[in-house]
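Peer 1: Respectively, the protein sequence lines represent chains A and B. The C-terminal position of the first sequence is numbered 115 in my numbering, with every residue numbered one higher than the one before it. The C-terminal position of the second sequence is numbered 1116 in my numbering, with every residue numbered one higher than the one before it.
Calculated from the structure, these hints are not laboratory results. Please note that a few of the clues may not be correct.
BS3-like cross-link-like pairs, simulated, lysine-lysine; straight-line CA separation at most 30 Å [claimed, not checked]:
| hint | chain 1 | residue 1 | chain 2 | residue 2 |
| --- | --- | --- | --- | --- |
| 1 | B | 1077 | B | 1056 |
| 2 | B | 1068 | B | 1056 |
| 3 | B | 1108 | A | 7 |
| 4 | B | 1108 | A | 65 |
| 5 | A | 7 | A | 65 |
| 6 | B | 1108 | B | 1052 |
The structure displayed is predicted, hence computed values, not measured ones.
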Amino acid sequence: SAVISQKPSRDICQRGTSLTIQCQVDSQVTMMFWYRQQPGQSLTLIATANQGSEATYESGFVIDKFPISRPNLTFSTLTVSNMSPEDSSIYLCSVGVWGHTGELFFGEGSRLTVL
Amino acid sequence: GNSVTQMEGPVTLSEEAFLTINCTYTATGYPSLFWYVQYPGEGLQLLLKATKADDKGSNKGFEATYRKETTSFHLEKGSVQVSDSAVYFCALTALYSGGGADGLTFGKGTHLIIQP
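With the hints as extra help, turn the sequences into a complete structure.
Peer 2: Take a look at the structure:
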């Protein structure tokens, strides 16, 4: 398993601003992903964070809106840019560890409210 | 593409009742299947998994069997407790032959409420 720390745990943001969420893992991991969970909804994959290269985005998500960095095997950031109330969600970092069989471990999430 | 369909709740049961939450999937190849649980105010936790056909995953009294012929992975528990009240998510992923995997595809989640 892996212990995943996300910051901030929650924030209230103004429309038009940007916020960066940090994800720190206590061990080196192969795969890192960012998910969004809108209120009362399921989890939607935003992108795969690739170490040392550009993230791979899912349909409906673009780099200009959700820039992602992954400088090493234990750390990643997700920025939510030019926020609107529709971006109010929980954003979750998840990781797959070495030799894993597909299961992912999740951070506690960052709950963003955009006014 | 991959997709997961699960019964939507809320599902309300009395304590000690038998639980079944249905989950069916669509995927290319042979995915790995998972059940995750989200307790109130907590993060998402892996409950159980199965990586090939006819495998049975089990944990905390919950079970699910990977049924390739019916593309299903139904979650069951013989006697539920109030502490089982949570949201349950069925999920799948495809493993790469050289290691690694896609991100998980989740169902919509089933809110389970157990009354004393």
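Peer 1: Please verify whether residue 1108(B) and residue 7(A) have alpha carbons no more than 30 Å apart.
Peer 2: Measuring from Cα to Cα gives roughly 26 Å; hence the hint holds.
Peer 1: Compare the distance between the alpha carbons of residue 1108(B) and residue 1052(B) with 30 Å, and conclude whether the hinted pair is satisfied.
Peer 2: Holds, at roughly 23 Å.
Peer 1: Straight-line Cα separation of residue 1068(B) and residue 1056(B) no greater than 30 Å?
Peer 2: 12 Å, holds
Peer 1: Given the hint that residue 1077(B) pairs with residue 1056(B), does the C-alpha gap stay at or below 30 Å?
Peer 2: 13 Å, holds
Peer 1: Against the 30 Å threshold, does the CA-CA distance of residue 7(A) and residue 65(A) hold or violate the hint?
Peer 2: 19 Å, holds
Peer 1: Compare the distance between the alpha carbons of residue 1108(B) and residue 65(A) with 30 Å, and conclude whether the hinted pair is satisfied.
Peer 2: 24 Å, holds
In terms of the numbered hints stated before, the structure departs from none.
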